[in-house]
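Trainee: In terms of our numbering, the sequence shown opens at residue 1 and continues consecutively.
Simulated from the structure, these hints should not be mistaken for laboratory data.
Fair warning: there could be bad hints in the mix.
No more than 16 Å apart at the CA atoms, straight line, and that leaves these computed lysine to aspartate or glutamate pairs for EDC-like [as the list claims (entries may be wrong)]:
#1 Lys305 <-> Glu343
#2 Lys164 <-> Glu330
#3 Lys194 <-> Glu258
#4 Lys59 <-> Glu343
#5 Lys59 <-> Glu330
#6 Lys164 <-> Asp341
#7 Lys232 <-> Glu272
#8 Lys194 <-> Asp119
Label pairs and their calculated CB-CB ranges [claimed, not checked]:
#9 Arg183 <-> Asp251: 41 to 47 Å
#10 Met141 <-> Asn320: 32 to 38 Å
#11 Val65 <-> Arg190: 25 to 31 Å
#12 Pro64 <-> Met309: 23 to 29 Å
#13 Val65 <-> Gly100: 34 to 40 Å
#14 Asp251 <-> Asn90: 38 to 44 Å
Given the structure is predicted, the values throughout are model-derived calculations rather than measurements.
Every residue, glycine too, gets a C-beta built ideally from N, C-alpha and C.
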Amino acid sequence: MRVYPTILASGIPALLLFCLPGAPTVSARDGDNAIQAQHRGELHLFVLAGQSNMSGRGKLLNQPVDSSIYLFGNDGKWKLAREPLDSCENQLDQVSCDQGAGTGPGLAFALELRKLRPDMAIGLIPCAKGATTIFEWDRRMAPDSLYGNCLLRIRAASDMGAIKAVLFLQGEWDALGPSYWDRLLLPNHRLPDKLPQQRVRYRVLEPGEDSGQAARETEQKQRYESSPEQSKIIVSLHSDPVRGWNRAMPDIWGTIFEDFVIGLRHDLGRPELTILLAQIGDNHNPDAYTHWSMVQSQQEALSSKGVIMIRTRGLPLRDNVHFTAESSIEIGKRFARAYLDKEGPDSRD
C-alpha cells in the first residue's frame, strides 16, 4: 500500500494495538462515554468501504446530529457521528487516510435508518480510501492493507454491537483506460492472501517472461470439470518493482469483488453477512474512463446471495467522478431502504 501505519515508539504499528493481547481495548474504553449506557453492546454496526465517493467528497452540509448514531472514528474512538465521517484528524493509521473528506452517504444512511426504524442505535465504521481499485481491496491480512485494516476496525468496534452489513461504493478507478494506467502502479509489496474458495489467483512473472500484454494476462482453469462456475482466474503481474503492478481489472471486477465478499464473511464468521453495493454512476469523462460501462456491467451481473445493489445513475456529480453532497445523501437513503427491504420489517435480531 502507498502509505504505511504510524509506528509507535515501541515499534508496534498503531492499528495493532486494537488486537494485541494486554493492549488497550480501544472500542471498549476510548470514547466509551460517548455511547449511552443502554446502547453499549447493542449497536447495529455498518462498515463504510470503497473509494472516494464512500469516503465523501461533497461539500459539508448542516446535517442533524442524532444521539443514537455513533462513529468509530479514524482516531480509534467512539463519538457521535458528524460529517466528515472519514476525517483524517488524529488518525491512528495512514493506510486509509483521506485528506479533504467531505459529505458521503454514510451519515445519511444512518439518519434514514433511524427515520424508518427509530428504535435502532447505529455505529458507523469508516474504512474507505480514495483512488483505490478492487485489486487493493482483495484479501490481505496485514494491518497496513485496506482489507486487513478494515478487519481490525470491525473487530475493535464489535464490543459495542454486532456487524449488520457492509456498504461498498467503488469501481471508478478500475474504469480508467490504458492511457491512464500509469496512475495505477502499485509497488511489488504484497500479494493477496487467498482462501481456497476464492477464484482469482495471482502470479508474478519471472524476469524475461513476456509481459507486454497490458501488464497482465488471464486464463481460465477449471477446478472441477463439471462446475464451470468454480473456474479459477490466473492474473499475471509484472516482476519489475519499479514499474509496479497494474491494478485496473475492469473485466474481472465482479469476480474480485465476490472474492472480497467471500473473504469478509469467512474472516468475520458471518457467512450470510449482508453486502450493500452502489453501482457507479454516470461517466462524465469517457475519454479517460473507457471501461466505465464494463465495470457497471460487472456490478449489474453479480448474483451472490446477500449482495444487494443500488443504482446511482442520473445523480448529479460535482466533477467528472465525485457525487455532490446532495447526491451522496440520496445514495445513503437508497442504501438504507435496500437494507431494510432485505432484512424485513423488523431487523433487530
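Trainee: For a quick check of understanding: which of the numbered hints are violated here, in increasing order?
Mentor: Violated hints (numbers, rising): 2, 4, 7, 8, 9, 11, 13; every other hint is consistent with the structure.
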